[in-house]
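*Asks:* Could you put the whole structure together from the sequences, leaning on the hints where they help?
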Amino acid sequence: MIVEEANEMRKKFVLLGDEAVGKTSLIRRFVTESFDDKYISTIGTKVTKKNMDMRKDGQLYSIHMMIWDMVGQKNFKLILRSALKGAQGLIMVCDLTRRSTLDSLMEYWFPEVEKCCGKIPMVFLANKSDIVGEAQFELEDLEDVARQHDALFYLTSAKTGENVERTFLALGKASLGSEGKEPQRVFDESVDEVKGEIHVGKEAPLISGVLDVIISDFTEQWKEEEDGMAVVRQQAKMSQLNIRSPTTGQVSCFINRLGKVEGGFLRPEEVAVNQSRRMKLLGRVSPPETMRSF
0 MIVEEANEMR
10 KKFVLLGDEA
20 VGKTSLIRRF
30 VTESFDDKYI
40 STIGTKVTKK
50 NMDMRKDGQL
60 YSIHMMIWDM
70 VGQKNFKLIL
80 RSALKGAQGL
90 IMVCDLTRRS
100 TLDSLMEYWF
110 PEVEKCCGKI
120 PMVFLANKSD
130 IVGEAQFELE
140 DLEDVARQHD
150 ALFYLTSAKT
160 GENVERTFLA
170 LGKASLGSEG
180 KEPQRVFDES
190 VDEVKGEIHV
200 GKEAPLISGV
210 LDVIISDFTE
220 QWKEEEDGMA
230 VVRQQAKMSQ
240 LNIRSPTTGQ
250 VSCFINRLGK
260 VEGGFLRPEE
270 VAVNQSRRMK
280 LLGRVSPPET
290 MRSF
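Its first residue numbered 0, the sequence shown is counted upward by one per residue in numbering that gives the first Met the number 0.
Since the hints were derived computationally from the structure, they do not count as laboratory data.
What you were told as hints is all true, and nothing was included just to trick you.
DEER-style ranges, computed between Cβ atoms: (1) ASN6 with GLU139: 34 to 42 Å; (2) ASP102 with ARG165: 24 to 32 Å; (3) SER61 with GLU133: 36 to 44 Å; (4) GLN147 with LEU168: 22 to 30 Å; (5) GLN147 with GLY282: 39 to 47 Å.
In this text, all values refer to a predicted model and were calculated from it rather than measured experimentally.
Built from N, CA and C at the ideal position, the CB exists for glycine as well.
*Replies:* Here it is, written out as structure tokens:
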């Protein structure tokens, strides 16, 4: 008996969309076939791995998926553009019970994608189809958005599993054939522009924008960004950092904890410079913004 040999490939897929649309739950359903309705905000990015076999044009493929779960709060532009670097597929997620999350895909998330990526495969999802009775828009509305970008679209439910595996299978197949092409690159000038808004902007920046720079500044030191982000999530938890509405006190504690981690691989003077730079950024936040939810 001849065993067919699969073509092995590694693919990076990124999930985008507003907070609480169910991105993390969709990944959990796909990877572990489980569901938990407890909402936990994603800090920065989180990478989950899953292997999936599929056929296309008679060929067998074994896809090693690197699935990036992106923070749902806006203003984290450096983290977003870093996450999009080298992406070979996007899953754009909205909440069927909140029309604003569909509008947000077009008004915020896709414009950010356009700044960073060329044309790559996308799938649009309206999640939470298990409570379709509370829907605020129709499937036709999602279809209109998807067709504007030559993309597939599905109603999904992380709770029941409806169309979840189908989504990743479709994106996996759509991403095949891109081998050998230049990876998508984030434009350096866009990153500099974002940093410039924080460093030299006339108005005091939102604390979310400052936190974006601090997290990016820290993770740039790591060979693999997902390793740096794992440390970020751990230190954010120990700092009791509320990513949805951080306070200056929480961020200050977070900065100090990052400094302690850096003490394990940087010289003391380098740690001091990093902490000073980050504290100065935090000092530019105006007091009213420190408790503002974004």
